[in-house]
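Protein chains in written order, with the working numbering: chain A, 1 to 275; chain B, 1 to 379.
Derived from the structure by calculation, the hints contain no laboratory data.
Just to be clear, a hint being listed does not mean it is correct.
Said to hold, decoys possible - Subject to a maximum C-alpha distance of 30 Å in a straight line, what follows is the list of computed DSS-like cross-link-like pairs (lysine-lysine): (1) B/K164 - B/K199; (2) A/K44 - B/K199; (3) A/K44 - B/K198; (4) A/K273 - B/K46; (5) A/K231 - A/K241; (6) A/K37 - A/K191; (7) A/K191 - A/K233; (8) B/K206 - A/K11; (9) A/K44 - B/K164; (10) B/K164 - B/K47; (11) A/K231 - A/K191; (12) A/K44 - B/K206; (13) A/K191 - B/K46; (14) A/K11 - B/K47; (15) A/K11 - B/K46; (16) A/K231 - A/K243.
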Amino acid sequence: MQGNAERYLNKERLPHIWCPGCGNGIVLGALIRAFDKMGVDQDKTVVISGIGCSSRASGYLDFNSMHTTHGRALAFATGIKLARPEINVFVLMGDGDASAIGGNHLIHAARRNIDITTVIFNNSIYGMTGGQYSPLTPRDCRATTAPYGTVERPFDLAGLAQAAGATYVGRATTYHTGLLTRLIISGACHKGFSVIEAVTACPVSFGRRNEMGSGHEMLMWQKEHGVPVEKAKHLTPEEMKDKFIIGELHKSVAPEYTEIYGQLIKKAQCSYKGE
Amino acid sequence: MTDVIPLARLMQGNEAIAEGALDAGARFFAGYPITPSTEIAEILAKKLPIVGGKFIQMEDEMASMAAVIGASLAGLKALTATSGPGFSLKQENLGFAAIAEVPCVVVNVQRCGPSTGIPTATAQGDVMQARWGTHGDHPVIALCPSSVQESYSLTIRAFNLSEKYRTPVILLTEEIVSHLRERVNLPQPGEIPVINRKKPPAGLKKYYPYRAGEDGVPPMANFCEGYRYHVTGLVHNENGVPTTNPELAQQLLNRLNNKIMDHLDDIVTYDSHLTEDAEIIVIAYGAVARSAKRAVRDARSEGIKAGLFRPVTIWPFPYREVAALSQQARAIIVPEMNMGQIKGEVECAARNSTKVVGLNRFGGEIITPGEILGVIKSI
Chain A
1 MQGNAERYLN KERLPHIWCP GCGNGIVLGA LIRAFDKMGV DQDKTVVISG
51 IGCSSRASGY LDFNSMHTTH GRALAFATGI KLARPEINVF VLMGDGDASA
101 IGGNHLIHAA RRNIDITTVI FNNSIYGMTG GQYSPLTPRD CRATTAPYGT
151 VERPFDLAGL AQAAGATYVG RATTYHTGLL TRLIISGACH KGFSVIEAVT
201 ACPVSFGRRN EMGSGHEMLM WQKEHGVPVE KAKHLTPEEM KDKFIIGELH
251 KSVAPEYTEI YGQLIKKAQC SYKGE
Chain B
1 MTDVIPLARL MQGNEAIAEG ALDAGARFFA GYPITPSTEI AEILAKKLPI
51 VGGKFIQMED EMASMAAVIG ASLAGLKALT ATSGPGFSLK QENLGFAAIA
101 EVPCVVVNVQ RCGPSTGIPT ATAQGDVMQA RWGTHGDHPV IALCPSSVQE
151 SYSLTIRAFN LSEKYRTPVI LLTEEIVSHL RERVNLPQPG EIPVINRKKP
201 PAGLKKYYPY RAGEDGVPPM ANFCEGYRYH VTGLVHNENG VPTTNPELAQ
251 QLLNRLNNKI MDHLDDIVTY DSHLTEDAEI IVIAYGAVAR SAKRAVRDAR
301 SEGIKAGLFR PVTIWPFPYR EVAALSQQAR AIIVPEMNMG QIKGEVECAA
351 RNSTKVVGLN RFGGEIITPG EILGVIKSI
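Please model the complete structure; the sequences and the hints are all you need to start from.
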């Protein structure tokens, strides 16, 4: 590993639990490279995760970290950030974690525009429990709970976050690791709620049932199906049909929640003294 | 005018809880609107910012409990307030607070249930949920106020116990006490006993977040105060790292239980009224204890040797004290606004040494002194 990114890992907690071919380690690698490039201060930063394969990542990092309950990582993180806005807060979640059981917390953290950087590991499946379909599993894909193929429409997670009010939204894959690292840095430097969707492979519980091949072949699938924002502009809907856009998808400016609350405190204190 | 007590105020029960929380040092509230607890959120929304604290109305009850735990780990004393339906939803993260040993206070203003029940009507139907609502074996401290004064003082005590034992504490009150207005004598500033979490000494070479001393309570470093560590709802070792080792799991769960059960003398409080020579003892808690007190006095005036035992700490239940009373009493009467949730615990403590009679109302109305007196006289 280049630079000094490894200092962000807690090596006592390794080896990790992820399966051979799993892309979660690649996302974690991009994350610590981003930390290294930003020079993130480990004593002023917390990493919070939910439940599932990807959420084990918080335990492999050397921070004040918390592995919370299923779906609730953003709610725990909101408590920490509001209590002490000077702390940098990163949240790691899986696709089922963030969009099903934690969907309400995701849209409300986005609505508040609270300064939290969220990385969602999207492997299209509930991996920890053995391969049940998630709200991100594409139509007609097989899962243990969709033996005839899924009949539900999947979410566009990045679109959901943007529509709910997130002021920074990006998407990359575990093939496009340079982009993933850059998006995490941009999201972390952005003041407000940032969502970075990391498309990652689960060869054991998703790829295997959908004839997508090995971890390597699934990476190649990501290479072929992830289309950079600029390139996508020149493609027809027909050409984009089974593809997805990667890169910086949305960036806007809006008041940040803990800053507004800080102003509210001053206002309340002034009017109290005035009484 | 020299006789006027300067710090006596007319207050509503929920207001007393909010004031008690502020005086205990609470600086964070996260909640979701629900009858009949809403005044607590409304008052704290106004007052917390004035003292530099934070209030947030979360998107749901699970999120409120999660935010409270996050804020507590970040170093603020934190609480949430709810009622039956919301209390059900909080159980998930109440369990997290128990295993991760995060101090926090949960106020449950009980209302008639199950489900939406009668939102504006009083009840005591959540006593067992307070004890066993979250899954798995876990320790619990729950306190039951009978008056507005006690709503204030027990809120402070709830914070102190949660900080001292690193555990969630439930203030289990009822609609009737929470909406009652009574005089409250507030202590002078500086007279309020405030306990803060025990911190690890600075400059430790290695901090083990879950290594406890003799008292069973590990010192707690707040997040970003110099010690980096991991917090998880998984069974973990002393270093906070997940483990499936059965021996370590047994050790952890034993310690969590023992840190409460080894300190019953400190945690369990109760009130006894005319029990010394009593032949008939009424065991009542919360608002019903006030009807019971009147009934006992009325019985005495009619020559019946009646007494009242009132658990203030409902969990852990004062089994020892109730067992002793069951030796002297001809009968124990347990009036409660549920189908007999504490009566079962009384029977367990009494072990057939005396007759235990229930008096139960669960339709949303308080049990009157006359009804209790009627049962006393029927024995």
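Taking 30 Å as the top limit, are the C-alpha atoms of A/K231 and A/K243 close enough?
holds (12 Å)
Hinted pair A/K44 and B/K206, Cα distance within 30 Å
With a Cα-Cα distance of about 18 Å, the restraint between A/K44 and B/K206 holds, given a limit of 30 Å.
Starting from B/K206, check that the Cα of A/K11 is at most 30 Å away, please.
Holds. B/K206 to A/K11 sits at ~15 Å (cutoff 30 Å).
Just to be careful, I want the Cα atoms of A/K11 and B/K46 compared with a cutoff of 30 Å; is the pair within it?
violated (46 Å)
Under the criterion that the straight-line Cα-Cα distance not exceed 30 Å, is the pair B/K164, B/K199 satisfied?
holds (11 Å)
Compare the distance between the alpha carbons of A/K273 and B/K46 with 30 Å, and conclude whether the hinted pair is satisfied.
Satisfied, since the Cα-Cα distance of roughly 14 Å is no more than 30 Å.
Within 30 Å, alpha carbon to alpha carbon, are A/K37 and A/K191?
Within the cut-off at roughly 18 Å; holds.
Proposed proximity, B/K46 with A/K191 (alpha carbon, max 30 Å)
Cα-Cα ~27 Å, so holds.
Hey, A/K231 versus A/K191, does the alpha-carbon distance stay inside 30 Å?
holds (28 Å)
Need the status of pair A/K11, B/K47: alpha-carbon distance at most 30 Å?
violated (45 Å)
Need the status of pair A/K44, B/K198: alpha-carbon distance at most 30 Å?
holds (22 Å)
Could you grab the alpha-carbon distance between A/K44 and B/K199 and see if it respects the 30 Å cut-off?
With Cα atoms ~18 Å apart, A/K44 and B/K199 stay inside 30 Å; holds.
Checked against the numbered hints given earlier, this structure breaks hints 14, 15; the rest are met.
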